[in-house]
Amino acid sequence: MGRDDKIEKEFSEYIDRILAGEEVVIGDEVNEDLRTAVEFARKIIELRGEPSTAFSENLKQSLLQKLAEQDMRAAQEKKGGFRDFIDSLIPRSMAWRAVSTAAIVIIFMVVGLFWYMGGFAPEPVPSPAPAPAPAPKPAPEPEPEPAPEAAPAPVPAPKPAPTPEPSPVPAPVIEIPPALIVKAVPDEAYYMPGETIEIELSFTNITKRTTTLDPFPPKIQVKPQREDKVVYSVAAGSQPSEIEPDDTVILDFTWDQKDMDGKQVSPGWYDVVLGEFIVTMEDFDMKLPMGTHIEARLLIQYPQGTMEKTVELNQSQERDGIEVILERVELTTTGMTVHAFNTPPGYIHPPPSTLPTVPFLLASAEYSVDGGTVKPAGSPGIRFLEYMEGTGIRFVENGVRYTWKQLDPVASDAGELTFIIVMSYNDRPGELIGPWEFRIPLE
Amino acid sequence: MSESEGRVYQARTTGGNTEAFGGLYEQYMPDIYKYIHYRVGNIHLAEDLTSTVFEKALKGFSRYISDRASFFTWLMTIARHTVIDHYRQQSRRKDMPLEAANDISSDNSSPEREAVRREELKRLRLCLERLSRLEKEIVSCKFGAEMNNRQVAGILSLSESNVGTILYRAVRKLRDCFREWQNGQRR
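So the sequences go chain by chain: A and B.
According to the numbering used here, the first sequence is numbered sequentially starting from 628.
According to the numbering used here, the second sequence is numbered sequentially starting from 1055.
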């Protein structure tokens, strides 16, 4: 346990003892900062407001009165239940019984049909505009990217470590039809190592029914971008939570940037992911499993600063008779973008929204800086539309352009970037070609 | 089984709802009130919101599952959401309204002492304003609801050590802010 941790623990123990009514005397041998903090805590306690006796008594009487009425109503309902209600609807005469029973069946059928056709579905609610993230620091927000139009089969990474599909950068608002909107708003655009990260997670019930979330809060995990490894996790709560129609429940999530072993995590992009929770709507026999979404993306910067430059390379490498050109590496405060290019044999620029007539190469990559941790860069999906920014494959005039976007930023004092690409033909996804290993001097 | 869980059990098994709920109210209302008072800084509002919390608790009492959370944790969850809802309805948070500093009540104080107390409370509220929302929440849970760090960690989804760290940081900030004011007064 570090010195600070010990002092913080000691402080909490003193406060608990004072709150328990104990006479706590702090000797001069105690650290000055701790001693004065405890003394000030006494002042806070002294200034507390207690409820008045009148308020306390009145509220109690009012609540007990309501409770008695509630109990009485429950007893009456028990006495005259649903069966009695149905019995009262059906007359004694046989002819009327037949008619009224048929009428009830028709009502149920109409209600059922209405339900089936979505008549009870909540009114469409427009997605709210993304909540403005506070931006006390001048870093640009990461661009939200639209999902790729068509995702090619993933190409395995060149090293034994599996390379997952690139996760599309989520929009700040995630709508979970038909019950909830979950929003996650970090308190900063980016963080320096050691800073506490605070995220406001809000769950808004957009239906006209009381909705229950179970468990609440759901499990919350922090993972490095594009990796399955969990670096920090908060267990799910133990009690469900109800949200009234059009109401919002807010949850504050904080992370001190330490992993499960208490060590500071390395700079880069991290995803905040919610674990599964069940959404149940009042009077509606339906359970919707939710969660496992990326709710927020966090950037931890390098303490020494981030490299900002564009390295024009046009470095060409040939493997298995195929030439891949690493054109350019763009380094910014929010991340790294890498552009590569290949011209498949017999390539003709396809018309918009169509694939080339000849086989072309799908790619996957990973990278490391100065021989450090190898990070997955992912497999770019096919982007037919020019306006779609971000990671993707584009069919251009003379070949295929590959872009890996929003990779982790690089430290300002980094010396060399290693970028390794493996490929496979789109019609033979299992046959790997390569690797093409590029070493890019950054100094 | 704790005393409060015993009361819940009693209400479920014997139908003695009134007595059980009355007991739970006596036990927990002061802490819930103090928590809310810290958050909103106004006696009348704290009373209104405390009433809302217990009315919600009364309504949901039959749905409370005692083996999943303690009754106090359950009440605190309702209290937190009630305060959050209040600020949302007030169109975005303005925790600790400053004009509320006059609502302090204390027993048997001399007018001079009362005046000093009011001034100190006013300053404390101003200092609380400077804390982050989470810091305010933790200070309110600790000094208002008298929760231990484990309980605070449970309802805020934090680690216990994180609560300790944030609490210590928040109290030091409050202390420094308060000192700043006291030094300014002495000059």
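These are computed hints drawn from the structure, not numbers from a lab.
In this text, a Cβ means the ideal position worked out from N, Cα and C, and glycines have one as well.
Incorrect hints may have been included.
[Stated by the list, open to error] Pulled a few chain A residues facing chain B out of the computed Cβ check, cut under 10 Å:
(1) 642
(2) 668
(3) 679
(4) 694
(5) 843
(6) 869
(7) 974
[Claimed, not checked] Residues of chain B clear of chain A, computed beta-carbon distances all greater than 12 Å:
(8) 1165
(9) 1183
(10) 1196
(11) 1214
(12) 1238
Going down the list of hints, with the structure as the test:
Restraint check, residue 642/A versus chain B: the minimum CB separation of about 6 Å is within 10 Å; hint holds. Interface restraint check: residue 668/A against chain B, minimum CB-CB distance 5 Å, threshold 10 Å, status holds. Below 10 Å, beta-carbon pairs count as interface contacts, and residue 679/A has one with chain B at about 7 Å; its hint therefore holds. Below 10 Å, beta-carbon pairs count as interface contacts, and residue 694/A has one with chain B at about 6 Å; its hint therefore holds.
Restraint check, residue 843/A versus chain B: the minimum CB separation of about 8 Å is within 10 Å; hint holds. At about 7 Å, the closest approach between the beta carbon of residue 869/A and any beta carbon in chain B falls short of 10 Å, and the interface hint on this residue holds. The criterion of a C-beta within 10 Å of any C-beta in chain B is not met by residue 974/A, whose closest approach is roughly 53 Å, and the hint is violated. Here residue 1165/B stays apart from chain A, with its beta-carbon at least about 18 Å from theirs, past the 12 Å limit.
Distance to chain A confirms residue 1183/B as a non-interface residue, since its nearest Cβ pair spans about 14 Å, more than 12 Å. Listed as outside the interface, residue 1196/B is inconsistent with that label: its C-beta sits roughly 6 Å from the nearest C-beta of chain A, within the 12 Å cut-off. Distance check on residue 1214/B: its Cβ comes as close as 9 Å (rounded) to a Cβ of chain A, failing to clear the 12 Å threshold; non-interface status is violated. A cut-off of 12 Å between C-beta atoms confirms that residue 1238/B is not in contact with chain A; the least separation is 17 Å.
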